[in-house]
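Which chain is which? The protein sequence lines are L and Z, in order. Once you know that position 4 of the first sequence is 4 in the working numbering, the rest is easy, because the numbers rise by one and skip nothing. Once you know that position 650 of the second sequence is 832 in the working numbering, the rest is easy, because the numbers rise by one and skip nothing.
The set of hints was computed from the structure by calculation and includes no laboratory data. Treat the hints with care, as some may be off.
Said to hold, decoys possible - Which chain L residues face chain Z? A few, computed with CB under 8 Å, are given here:
| # | residue |
| --- | --- |
| 1 | Ala62 |
| 2 | Gly65 |
| 3 | Pro71 |
| 4 | Pro72 |
| 5 | Trp105 |
| 6 | Phe114 |
| 7 | His122 |
| 8 | Val123 |
| 9 | Cys133 |
Remember, it's a predicted structure, so these values are computed and weren't measured experimentally. Ideal Cβ placement from N, Cα and C applies to all residues, glycine included.
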Amino acid sequence: MKRPFTLLIVIIAFGFIVAEVVKSARTIGFNEGYEPDQPLPFSHKIHAGENKINCQYCHFGADKGRHAGIPPTQLCLNCHNQIRKDSDEIQKIHTAVKSGKDIEWVKVLHFPDFAYFNHSQHVRLGKIECQTCHGVVEGMTRMRQVGKLSMGWCVGCHRENEIAPPNDHKRKTGGDCAKCHY
Amino acid sequence: MEDSKKTTSKIQDTRSNAGGNGYWQDVHQKALSEDELKNEFMESEQDRFVAVKSRRSFLQIMGFSVSALPLASCMKIPTKKAIPFLYKNDTIVPGVATWFATTTRECTSGCHLLVKTREGRPIKVEGNEKSSHTRGGTCPQCQASVLSLYDSYRLRSSMVDGAGRDWAGFDSVVATKFAAVKEHNQKIVLVTPSTNSPTDLNLISKFKEHFGNVDHICYDAISYGGLAKSYSKAFGNGALPNFKLGNAKLVLSFGADFLGSWYSPIKFTKDYSKLRDPGLGRNMLKHIQVESVMSLSGSNADKRIVASKARQREMLSQLLSLVESGGAAGGRSTEVRDLYQSLASSRGKSLVVCGDNDFKTQNIVIKINKALGNFGKTIVASKSSHHKWAIDSEFEALVNGPGPAAIIFWGTNPAYSYPKGSKFADFLKNIPVRLALTTAENETSKMCNYVAATNHSLESWGDSITLDGELAFSQPVIQALFGTRMAGETLLALMGSSTKYYDFMKEFWRKNFFSKQSSKLSFVDFWNHSLHDGVVSLAGTVQEVSKFDSSIPTNVKISKRVPASQSLSIECFETNVMGDGSCANNPWLQELPDPITKMTWGNAAHISPSTASSLGIVSGDVVKISGGEKAIELPAIVQPGVEPGTVGISFGHGRSVTGKVGLGLGANAFGFVRYNGECFSHFAEGGISLEKTGRKEKLAQTQTHHSMEGRDIVREQTLSEFQHGTGHKGHDVKLISMWSDREKKGHQWAMAIDLSKCTGCSGCIVSCNAENNVPVVGKEEVINRREMHWMRIDRYYKGDDANPEVVHQPLNCQHCDNAPCETVCPVLATVQSSDGLNQQVYNRCVGTRYCANNCPYKVRRFNWFRYPHEDPVENMVLNPDVAVRERGVMEKCSMCIQRIQEGKIEARKQGRELQDGDIKLACQQSCPADAIVFGDMANPKSKISRYLKDKRNYTVLEELNVKPRVSYLTKIRNKE
């Protein structure tokens, strides 16, 4: 070999790339801590924290079906027809409802399409607190992703608490994948 | 999930009728170019594999992929919007399905349905079990109707002389034209199919009153004019038959495909399958079919006689003289005598049906049934229904007479289905005002100067009356997608009325039906209950007639028998897949294998093996068939069981004006339909020639090997063998296993399919497609054996190829306990669940295809390409609970795992144990024959446990010891 030094650099560089790839590949798509700007400065801290509005007053789908849902815009006006009616930000809601123009919220939690998650199964049957997965939402001024929303994150909780299916992911030959993946 | 949320926000009030347009554009963020839309169903070149040509390009691609990974991790995730409803709709909870009862008008039966809507989108239809007509069964066409709804080819606006107009503009132009016609008291002709909607008929009579000089002419593409005419003559005007197969012990069919497409196939199949239970012993229904082409019914018959149409007529008239003389008339062939013996031994419990659209032949059938005492038992003549009442001579006279001043085509397409197309074009040319009411451009609307874009039946209000006099509702399950309106509203607009069709219908119901019931005190209550149930039975809707005119002529003309080699005849027939061709632009139907030929994407000339060998024709040879002025070219298919002198061609193909799915497939058989002076006969003889063109075409068949190679994949027994317990094998193989049995805890899912009941109709396949987002691959890929159907129905022939016995066997993933696919997967993407399902994990699969190679049943499907899911409208049909699979991923039947999970969650929510029957799989629900049973075999009281203990139970390829969870019940033929 004529240029051992070059070869060494190539090997080190390659090793570095591989390490970097492995490291980064493990974090792709988890987006923990994602906290995007929203079209309206809605604060969970004020609503759920200070005023103690029940989560399911707005996210009424949580105990009924798959999606907890983002509340219909008109639902805001149940209170805001009276409360802080004249604030500029609240006026935006009034305008949206009057003009029929949607408010386009930025999606915070991205649950992958290849997995199935049912809110009602957890909220109604499992009696899990919303905060268990979503963090202390009542303390958040702006909504933030708390958990990883990864498979390990789901399974971790199920394993720790021995929640059905307890042993599925301990089996060496796999388990009941199709409970979530279909 | 993403999609469903977006759609949620956009479809705010699905039930309202306010015109809404353009909202579907937002279903996908990706804006599609015109070219991409055009390429909807064809694969683009880029969509194929990236062909790696050299080492250099391989390294390039590899280098890019590797460097892209760290880059991807640094990138910000793309911002996605989440758009909630503005207003909350009471019927919509995101992620929870809402069901509506309705009726579609896609098929002959008029199946009564429950439509599953998610976030306001209809995504699946299921049979309505409250209906006494179809009793929860559905046909392939109705199952596919949700896709027709989202057809991008549908009209988006009305047209005046080919240019789009809004409704106000359209109405002012067309209403002026009609007002002028009225002023001069000129004739208006309204052409519809034979409608059985009481409200529509009332609307038509109002229309007649308003315009004065109006003729309403019914025209059915596939005519039942012979049947209608003979019942009218025999029992008085307006009488039609209602067949009650459920009371029969013997059914003798002369060329009527009553299980597939004839008259009311789903109702027939429900009755038929119930009586095909060998547990009934000697009361098990016996089925004899006499026919010239192999039909779905013929393939299920206990005894099938091959006879040309001419011979069938001869047999019928001989049978009549035998029946009338009590068997005394001599000199008949043993074949006819045998038929007579069978009929005579079940008087009053037999049913003779005939598919020949010939007045005198149908008269013979009426007289045979009359003489056998079947009327009032297995047939009832009644004046209650308007099922297939078109009288062919009216339309024929119209086309041959002087044209009216204005003509309206409502939901009918004679330019395609009328035999003499050029004559029809000439007739139409001289009519100044030509209005077509249609959902999509077709051959007729192209010839019309005014085209009113109408709603799909899933967007429309309506009603219908079944053969048994039951009233059925149609209600819109989604707001009109394309700014179209209901056909009835266009007629009302022509009359200068601004009444909505909904109000018109409600008023009609208030006046005519509310008074006929007493259980509901207020009309609102009555209306809402009927709407909720979808069907309502009222007293006094059935008007049976018993007055019989025995002087109906039976002197049917029987052509002389000549050897097949000297004279050919053409038999045009309807299949239960393509029907009359109005659904030709539906890719699910085009890709659904014909139950008999297993052919997709087009039709073929069915030729018997003996004729084929004497003419030197093999399957795939393109032949030219000429008869009269018509000549078409079609690939031949050598079809066992076809009468040697007959060439069979199915209807529904060869559309010249339709969307790109149905365009240019097969050839139009309607050209060979002949008007015989009374009816449109689907049988042409004399002057028929068949010649090879020398060209070849590949047939897109999903099954090309028709033999079981001596293995008992399908087991069958005769009834007497079954009763005496002979010839039965059951679970007879001694099995030694390398593996210990799995621990069985909790639910253990299993499926059983009763081969005695399954007719092979293939409705389950379409149902599965809709439920599980199964992609359509197109003709070329079917030829490459890359079809994606999770369920297939294998059809095997047994015996002589001139008249073989046929068996149908549905085959989906067998969910083996010792699954051979699991052991070869290098990434554990397919594993068994604790409840006995063989799971396929798409996000783990790397696409080695080892599993498919190792599957003894060949039920695994590989995504060779990214199949098009680019059409924003069509994507609305996708089931949001099932992942859309990517290219390079294996998939297969999941036993509708989403339904199992949903059923379990629902039961737990209600605080109870899961009960047998809570979970119904898509295939099982739609099956009109109730042949599929699914349930928990760990529950000893469940239906599936009973089926597993049945002595007919067996598993396919049991000797492999893969322990399938899907088992079959031996087919029992009702013969000695």
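These are the hints, each one checked on the structure:
1. The interface hint given for Ala62 (chain L) is violated, since its Cβ lies 10 Å from the closest Cβ of chain Z, which is over the 8 Å cut-off.
2. With a cut of 8 Å, the hint placing Gly65 (chain L) at the interface with chain Z holds, because the nearest CB-to-CB distance is about 4 Å.
3. Nearest Cβ of chain Z to the Cβ of Pro71 (chain L): about 6 Å, under the 8 Å cut. The hint holds.
4. Interface restraint check for Pro72 (chain L): the shortest CB-CB distance to chain Z comes to about 4 Å, inside 8 Å, so the restraint holds.
5. For the restraint placing Trp105 (chain L) at the interface with chain Z, the shortest Cβ-Cβ distance is roughly 5 Å, inside the 8 Å limit, so the hint holds.
6. Of the supplied interface hints, the one on Phe114 (chain L) holds, with its beta-carbon coming within about 4 Å of a beta-carbon of chain Z, less than 8 Å.
7. For His122 (chain L), the interface hint is violated, the least distance from its beta-carbon to any beta-carbon of chain Z being 10 Å, above 8 Å.
8. Because the closest C-beta pair between Val123 (chain L) and chain Z is about 11 Å apart, greater than 8 Å, the hint is violated.
9. The interface hint given for Cys133 (chain L) is violated, since its Cβ lies 16 Å from the closest Cβ of chain Z, which is over the 8 Å cut-off.
Consistency with the previously given hints fails for numbers 1, 7, 8 and 9, ordered from lowest to highest.
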